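All chains, please: the whole structure from these sequences, using the hints.
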Amino acid sequence: MPPAVDFSLDYAPAPESTAPVRLAAQYGLFVGGEMVEPASGRLAATTNPATGEKLAEVSVADAADVDRAVAAARSAWEGGWRDLPGAERAKYLYRVARLLQERAREFAVLETMDGGKPIRESRDLDIPLAAAHFFYYAGWADKLDYAFSGRRAAPVGVAAQIIPWNFPLLMAAWKLAPALACGNTVVLKPAPTTPLTALLLAEVLRDADVPAGVVNIITGGDATGAALVAHPGVDKVAFTGSTEVGRAIGAEVAATGKRLTLELGGKAANIVFEDAALDQVTEGIVNGIYFNGGQVCCAGARLLVQESVADAVVGKLRRRMDTLRVGDPLDKNTDIGAINSQAQLDRIAELVAAGVAEGAELYAPQCELPERGFFHPPVLFTNVSTAHRIAREEIFGPVLSVLTFRTATEAVAKANNTPYGLSAGIWTEKGSRLLWMADRMQAGVVWANTFNRFDPASPFGGYRESGHGREGGRAGLLPYVELVA
Amino acid sequence: MSDLLAVDASAGTADAVAGVRITPVDAVGLEQRAAALCARSIKTTSKGAALDLTVRVMDLTTLEGADTPERVKALCARARHPDAGDRSVPSVAAVCVYPELVSVAAEALAGASVVVASVAGGFPAGLAPLDARLAEIAGAVAAGADEVDIVLNRSAFLSGRYQKAYDEIAAAKQSCRPAHLKVILETGELGAYDQIRRASMLAMVAGADFIKTSTGKIGASATPATALCMAEAIRDMAEQTGRVVGLKLAGGVRTAKQAWHYLVIVGETLGSDWLGPERFRLGASSLLNDVLMQRAKLGSGRYQRREYFSVD
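Top to bottom, those sequences are chains A and B.
Numbering-wise (the working numbering), the first sequence opens with residue 677 and increments by one.
Numbering-wise (the working numbering), the second sequence opens with residue 35 and increments by one.
Possibly wrong hints are sitting among the right ones.
[As the list claims (entries may be wrong)] To be clear about the criterion: a stretch of chain A counts as covered by chain B if any three or more of its residues have a C-beta under 8 Å from a C-beta of chain B, and this derived list gives those stretches: (1) 687–696; (2) 906–912.
[Stated by the list, open to error] Cut-off 27 Å, straight-line C-alpha distance, at most; resulting in silico cross-link-like pairs (DSSO-like, lysine-lysine): (3) K1008(A) with K291(B); (4) K77(B) with K1008(A); (5) K1008(A) with K730(A); (6) K1008(A) with K331(B); (7) K81(B) with K1008(A); (8) K767(A) with K819(A).
Source of the hints: derived by calculation from the structure; they are not laboratory data.
This one's a predicted model, so the numbers in the text were calculated from it and none came from an experiment.
Quick reminder that beta carbons are idealized off the backbone N, C-alpha and C, glycines included.
Set out below in structure tokens:
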């Protein structure tokens, strides 16, 4: 035997360069095709959650700013965008998609700096998918007359779109692309902790010669969002975020004639049958809950595993968790980056403590967390019952609760035992069981032998408290069109 | 339920374990994971350590009809000191030759840490009469082989005659003692990851000390996904039975970058315990020069011309 080697697989730091990103000290609002000073005169800092460093100051739009943005959108709509032939609108969308691809590295690095997600994810998923959505809906723009049999699809008007902090640019693309393809104009409000890629998108929109006022981007917090939703000049509201805020928006727009789509929280079941490909299941569970640090509305937060393989799966999972690399989001080898904000980190810590207090068994790998910034190790809870808070409430963090089942019927009952209904995962090598289960899942998205896979052609949305309306695919056009005979 | 390996292991060797569970493999998930592992970024000190490890787990191979004793002697000299100008480069793990040249290699490597490996057992098809195959294996060991690389009988395996495939490996294990037995699955001929997983379990249960991807004699050879598939089988074997089996990847591994992708796959799947020549090998003929070139570049910051590295 050749001499033994004492080798430990260790990766030297491999940080992605921040050189492509040029930050301004202060950002105005993108209204009517240009960056303008906010009437409010107020600014708020946006920080890098991995370091706590301030990245830039962005404007906080007030009611007057909202008014100006909605007026710009209205004027652009009436001034020609609504009457533009679909093929012409498509040209702009294709241009935006290509520009996003050209500047993909810059967008990916900025997304990671502002939001804390691993560069691997922003580089390989967020930015390419954002571009893909623009490409996809560009393709629909001149085919709307054929999308809904026998009926013509007319635009709705001015859309107010409020997006979350977990996939900032991707959510902007999900919202903007179908709205613009259908001939609407938009006022978009990114989340206060992650406004920078949306503001960079303003540059792309300008470079693509998108007519002034067709897309307006205003920044600010809850008050800005509330003013936007309540504005009488808005015809359509689209919101992605928490169920709590979604409810308030629903109440606000009730009986106003405004159309509404909501994409809210979730507590997805990831269901593993004993005949599944257990090694790929393990990867799928990890991708389901630790992707973007679990800060994903469709995260597979409840693992339902058939009792006969529960020990094997949990064993594999623990072992796999030990290899997860938590740390600098800009490092190309990082698997779990920073939690988006102190508030979110506190929320995760509170629910983890509740899990322990309620008697669930906690497992977390021994990993060194950076001294600065908001970080949380991946967590696995076993001995969880359906009554536990960690099995019922959305945690929005890297925390997995494991429950077991014996029969498919029991799996269905447990999976649907939630007020949410956004997504579900089913793992089995048996096709008939897959279809039987999928039919019974009360969830808008059901993944088969995979999890957290997204495609612009595939509709995404929820049941019950996860919201209503679909984004993606042909169904994603519906919220943005008025069907006329 | 995942199926059990249906072989009667009672007639097998003491090392063999019956009744192991075989888990199915999902191709999409497997390939996705392999691609993610190949995207790991290896820099600076990690790159240097990975390059040295690549040399130390290498089975420097020559399996040509045109092999000569002189060529094998030259190969053995390189195996001891891969870079004549830089004695800090470690020796490789083994030199792998046909049985005919085992004695030449054994003599050339006397006193070195480099061991002699021989392909045998009707390589590369494994379809010679069993007696002849077993005699060839015993002959290679008698001539001084420390390790023997045999092939799985794909004809038996693919037609569902698992018992026959199993029995032949178990018999080879007997003929091979005290040398180590590596069983080549020839993954490019198995048609599906499920079959690679099944063949891996079968070979391990039958007594393989190593399972190996390819002969290098057909077009399709080691890929990141097949390496991951086999590493997962080895991990499963260890979890189910405690038996520790090594992994050898061969065929088509030509660049240092490919090599450290494999180091990452093995390291992250099986742990650092597997990252040494006792449990991991890379079978290659042209890989060494690229590793030496990258190693020299890491030191000097510049690439040297190909002509600075010897051709054999």
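Okay, the hints, checked on the actual structure:
Given as covered by chain B, the segment 687–696 of chain A passes the check, having 4 residues with a CB less than 8 Å from a CB of that chain where 3 are the minimum. Closer than 8 Å: that is the beta-carbon criterion, and the segment 906–912 of chain A has 0 residues meeting it against chain B, so the requirement of 3 is violated. Annotation: proposed proximity of K1008(A) to K291(B) holds, straight-line Cα distance about 16 Å (limit 27 Å). At roughly 11 Å between alpha-carbon atoms, K77(B) and K1008(A) fall within 27 Å of each other, so this suggested pair holds.
Simply put, K1008(A) and K730(A) have alpha-carbon atoms about 22 Å apart, close enough for the 27 Å limit, and the pair holds. A threshold of 27 Å between alpha carbons decides the hint, and for K1008(A) with K331(B) the separation of about 23 Å falls inside it, so the pair holds. The suggested pairing of K81(B) with K1008(A) holds, with an alpha-carbon distance near 15 Å, which does not exceed 27 Å. This hinted pair checks out: K767(A) and K819(A) have alpha carbons roughly 13 Å apart, not beyond 27 Å.
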